[in-house]
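Q: Here are the chains, one letter per residue:
There are 2 protein chains.
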Amino acid sequence: MKISGTHYRTIWLTAAGAVRVIDQSRLPFDFAVVDLDTLDDAAQAIRTMVVRGAPLIGATAAYGIALALRADASDAHLEYAARILQATRPTAINLAWALKRMCSALGGVAPKDRVDVAFREASAICDADVEQCRSIGIHGLEIIRGLANTAGGRVNILTHCNAGWLACVDWGTALSPIYMAHDAGIQVHVWVDETRPRNQGAALTAFELGAHGVPHTVIADNLGGHLMQRDQVDMVIVGSDRTTAAGDVCNKVGTYLKALAAHHNSVPFYAALPVSTIDWSLDRGRDIPIEERSPMELTHISGRTSSGSIETVRVVPEASPALNLAFDVTPGSLVTALITERGVCSASRAGLLSLYPERGAEWPIPLAR
Amino acid sequence: MKISGTHYRTIWLTAAGAVRVIDQSRLPFDFAVVDLDTLDDAAQAIRTMVVRGAPLIGATAAYGIALALRADASDAHLEYAARILQATRPTAINLAWALKRMCSALGGVAPKDRVDVAFREASAICDADVEQCRSIGIHGLEIIRGLANTAGGRVNILTHCNAGWLACVDWGTALSPIYMAHDAGIQVHVWVDETRPRNQGAALTAFELGAHGVPHTVIADNLGGHLMQRDQVDMVIVGSDRTTAAGDVCNKVGTYLKALAAHHNSVPFYAALPVSTIDWSLDRGRDIPIEERSPMELTHISGRTSSGSIETVRVVPEASPALNLAFDVTPGSLVTALITERGVCSASRAGLLSLYPERGAEWPIPLAR
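First to last, the protein sequences are chains A and B. Counting in our numbering, the first sequence tops out at residue 730, every number present. Counting in our numbering, the second sequence tops out at residue 730, every number present.
One chain only, chain A, in its complex shape:
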């Protein structure tokens, strides 16, 4: 996507061989890039959310393996790097998926050839993500086009957190159909959930929609239900950090509340995700580990002062504890459909199997849900 007319991906290789990423912890007020030169750099970037978003976490982890091997291409170091990266964040499954793919690609390769293969494989993961997000956009565009035809005017779309191109390598998952609809001349308007506590909606989604010229309005996370009651939301579309084989969607905390409101008001609710986000080994969403992050993400907020500096302020009394769980799980029964790179399906085992029939054989069917 473009920022001030220049096309960017969220992660790329510099001529000097560093892995360069956009520092998302400084958006929307500072657009800065950071070079990752070592395994530790990559792990730290994921852990501190310099990069975030399930697909981009996977891509960064893949490059993290390549950077690790550049220092030491032994089997032991490959295993060590995978362990370090896996421990950075627990919920997004793309991380495990990317690491597994890297280890598979590298296992049979002689150490002297591993660095080249690793960078090629990481690059292929990025290219595949771009292509998958583009396909998600094409499938989702048809849903938006359908709503535009029936609504006969502007389509109001609510999204939670950031599942845009900043969360991926390019295009985004939830926002990819929105960009395509906007580019196709469909009148779209996006309700952007602020997305506390880290404000990825206000900071990142608003930033990238604004940069692309898509009409949008930032709202408190609390407002979406009321807007749905007043028929001001035509659809909800969110991303996913992990989707179970039975269609439960784990995404940024608060997604579940929006799904409940959508269900109660007959507003279609979609989750958009590439195949790498599907955890074929899990059936029940409640078995997904939910990341607990620092309470400071809730008790303190950073922003720009009137004098232009970035300042952090405390908004909760010192004596009050705070709990910061980063994700929740929306049961598939509340999800109208999943949008993947292969098409649109119901958020269920049968739905996913219809798009990924090759998973039918390897998939153990549990006796009871």
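Think of the hints as simulated: they come from the structure by calculation, not from any bench. We put the beta carbon where it would ideally sit given N, CA and C, even for glycine. Be careful, since some hints might not be right.
Going by beta-carbon spacing under 7 Å, a handful of chain A positions derived as facing chain B [to be verified]:
id, residue
1, I547
2, V677
3, P682
4, D689
So the derived list for chain B, only partly shown, Cβ under 8 Å to chain A, looks like this [what the hints assert, rightly or not]:
id, residue
5, A376
6, A379
7, S386
8, A393
9, M410
10, A567
11, G574
12, V614
13, G615
14, L621
15, A680
16, L684
17, L686
Dock chain B against the given chain A, drawing on the hints supplied.
A: This is chain B only, laid out in the frame that chain A set:
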């Protein structure tokens, strides 16, 4: 309630005849009081949320009438003052209720006697609010006691916004039963919704629970649904800014989302309110006017810097518009029960009539909902 060992109400008369209030816009970091000397002072305090909370808005408006009459006790000025105060905030019905009560009490009084009568009536409104909130606490306490007996341990209560003593004259509505349960030795723990955009939960509810020693944890508004899914919420209790005669509850935006989650997870959901909050003239919640406030309440956040000063920072990109609607409506069908000063009833016309049978005669029954 007490702050640092001193008993306070939220509004009282000084020896010099001013109306003194706690400046709630400066909590939790500064505890300061403000004197209201004129009608304009009172109107401004309500408008800028120096005072807030439906019952306290009513009490402040009552004193605003008294202050207005001190300057000019004519019929014309009484009417003017009521109009000015009524226009300060549109949603909370206690405002209209208090103004109507003041005008009724003053209409037949000679101008020379009006100031005395007005101050007495405003004081009576405050005393009645304290007594009503105390009664709400006693009725709600029994619900909490029942949960403590069945749960056999700590009762986890989620609340949204601030419906504590800071929202009233003393005790609070939603928090009154919690204070009484805590004082009665029942182990309660409160999940405090941050309550964006003005953070009244993080700023006010956390402050007052902390000051009283009630265990609590501040959470993002987004987290409550997840906690309910994980059986970590035993009940929800909120206040109300206006309750329709049919039991729909208008309260701080986001309340509806919590009610949906409570319903979906079979968690009891209560609204606590004095009779002054009931709008007997309205049946459908969607007919309640919803206040739109400045987008700056969403785009900017104030808090304390590490150096101790209070600073305001922008958290939304300059180019992004924001919408700030302050309330939403929870249909009575999602409310387990209402807790009023007269007892506990279903959130329905029949329920309210069972507690307020005297309203049966005057109440026009609509043909259709």
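Q: Now tell me if each hint is right for this structure.
A: Quick rundown of the hints versus the structure:
| no. | hint | result |
| --- | --- | --- |
| 1 | I547 | violated (20 Å) |
| 2 | V677 | holds (5 Å) |
| 3 | P682 | holds (5 Å) |
| 4 | D689 | holds (4 Å) |
| 5 | A376 | violated (31 Å) |
| 6 | A379 | violated (28 Å) |
| 7 | S386 | violated (13 Å) |
| 8 | A393 | violated (15 Å) |
| 9 | M410 | violated (16 Å) |
| 10 | A567 | holds (4 Å) |
| 11 | G574 | violated (10 Å) |
| 12 | V614 | holds (4 Å) |
| 13 | G615 | holds (3 Å) |
| 14 | L621 | holds (4 Å) |
| 15 | A680 | holds (5 Å) |
| 16 | L684 | holds (5 Å) |
| 17 | L686 | holds (6 Å) |
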